[in-house]
Amino acid sequence: MRPLFWRRKQRDAELEEEIAFDLAADAEERVRSGAPREEAEQASRRDFGNVLMRKEDVREIWGWMWLQRFGQDIRYGWRTWGKNPLFVAMAVLSLALGIGANTAIFSVMDAVMLRALPVRDPGQLVVLNWRAKQDVNDHNGSSFDEPGGGVASPDFPWTAYKLLRDHNNAFSALFAFKDARQLNLIVHGQAELGDVEFVSGNFFSGLGLVPAAGRLIDTSDNGTQVAVLSYTYWQTRFDGDPAAVGHTMRINDIPFTIAGVAPPQFFGLGPAPPRSSTFPSQIGHGSPEITATNATQCLSIHVSIGSI
Amino acid sequence: MASTKQGERVELLQGTLDMLILRTLQWGPQHGHGIGVAIRQSSADLLQIERGSLYPALHRLEARGMIASQWKSSDLNRRAKYYRLTAAGKQQLVAEQSQWKLMVRAIARVMRPAREG
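In the order they appear, the protein sequences are chains A and B.
Counting from 1, one number per residue, gives the positions in the first sequence under our numbering.
Counting from 1, one number per residue, gives the positions in the second sequence under our numbering.
FYI, nobody ran anything at the bench for these hints, they're computed from the structure.
Glycine included, every Cβ here is placed at the ideal spot set by N, Cα and C.
The calculated BS3-like cross-link candidates involving lysine-lysine, where the alpha carbons are at most 30 angstroms apart (straight line), are:
#, chain 1, residue 1, chain 2, residue 2
1, B, Lys72, A, Lys9
2, B, Lys101, B, Lys90
3, B, Lys90, A, Lys55
4, A, Lys9, A, Lys55
5, A, Lys178, A, Lys133
6, A, Lys162, A, Lys133
7, B, Lys72, A, Lys55
8, B, Lys90, B, Lys72
9, A, Lys162, A, Lys178
Quick list of simulated restraints, FRET-style, between CB atoms:
#, chain 1, residue 1, chain 2, residue 2, range
10, B, Trp27, A, Trp6, 30 to 38 angstroms
11, B, Trp27, A, Gly98, 54 to 62 angstroms
12, A, Met90, B, Ser43, 58 to 66 angstroms
13, A, Arg11, B, Arg105, 39 to 47 angstroms
Here chain B stands alone, though its shape is the one from the complex:
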């Protein structure tokens, strides 16, 4: 969205989009567009995600059984495909979350001297 200047946005780290989608769906079923909006808003528009790239990720997660889908009517007067977390998806989210925390800590540890020096 145009509210943030291009220079302040960052490219998504490879492999983290799946995790973000799972995390977003923790709050309840949502359609693809809603997931995109939620990620953008909760990252305060800092993450640069091409809207189209959500769909291959959603279908991949569905194929792996992490999420399930259902067509439902939406507030836009047309039906939308809503995704929800499956039990396997919830487990995966927990695993990825702790792994993510570990990685952030590890990378921060490595990067700290450079920042301070």
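If we strip away everything but chain A, and leave its shape as in the complex, we get:
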């Protein structure tokens, strides 16, 4: 297939040649029957009619021809589809899967690699992992095999986190969070499922977040039942009402006081933003998230964990 403009140019040249042949052949006939060449050529031209107009007529037909062929192609395509429904189904399915997979992968890449967390100094955040030479009994399957052998996991026992936090001289803050998955949330007597994350008291101050309303959980809340709403949940469930602060909501039927609302861009530290979320004060296990001053310091923490 040649480019369209090239074919058009060639067709124009061929039409030119076709008409030139007609003029020459007609003139030749006149010469053969005795007319002088110049006169014969003039007569041939006159007899042919308006050359430019005829060329335009032909070009107009080419335009329709294109349309007609296009229509034929579409009809042919339909017929072929009708004859091979299985093939068409396979083709459509593989296209759909291909596009879907690419979109899904891009969404994850976008969230994980391209978008920075909406926190102060996102580049300074590090995740602390523990490492063991052999497999250990971890409580929820969050550990993973290391390339060089052994296992690692970002999930620490609560006591280990407390020890690290209290002896932290390498990081500006050492805080913990734990995805609680979907829990039963009751607001205004209406229950629904919502994504909940447990966080340590220094979680929001460690990330350097500013509340959209009320205040965020801080270390003075340790041991109390307070929750921070995500901005979306606040908008959908309370219609962005500032009076939501101080309200009581029940999470898995335990009453929590709403302390405030997280900033609009913040959905937690996971890659996919949950539909609705609350951040109740820390309970149970924590996986420490560390703000590192540099990588070597982070490394020395790893060593100290190994000795625990």
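We have chain A; now place chain B onto it with these hints.
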């Protein structure tokens, strides 16, 4: 051509040029000029066809798949675009021919009393 006086020539009926072209190509591939000459000669110079009007008709027939074209060398020492009938063109010619016969008969029937009266 100058051999027939202007008054004896008739304008082509609308829509019949395609049929004449198809009929002419029944004898074998021919270029545009040759088709014009053949129509003129077989009508004994009675049909008045402007030579230029053949080309839009030829390209239209080609677009509809009735005829196909090929560039070949000619006796004039330069290459010419030769047209030939396609299978679809042959079918079309048969259909148009019988339709034409019917029309001629019908019109002749209507016109006869006027001529005789």
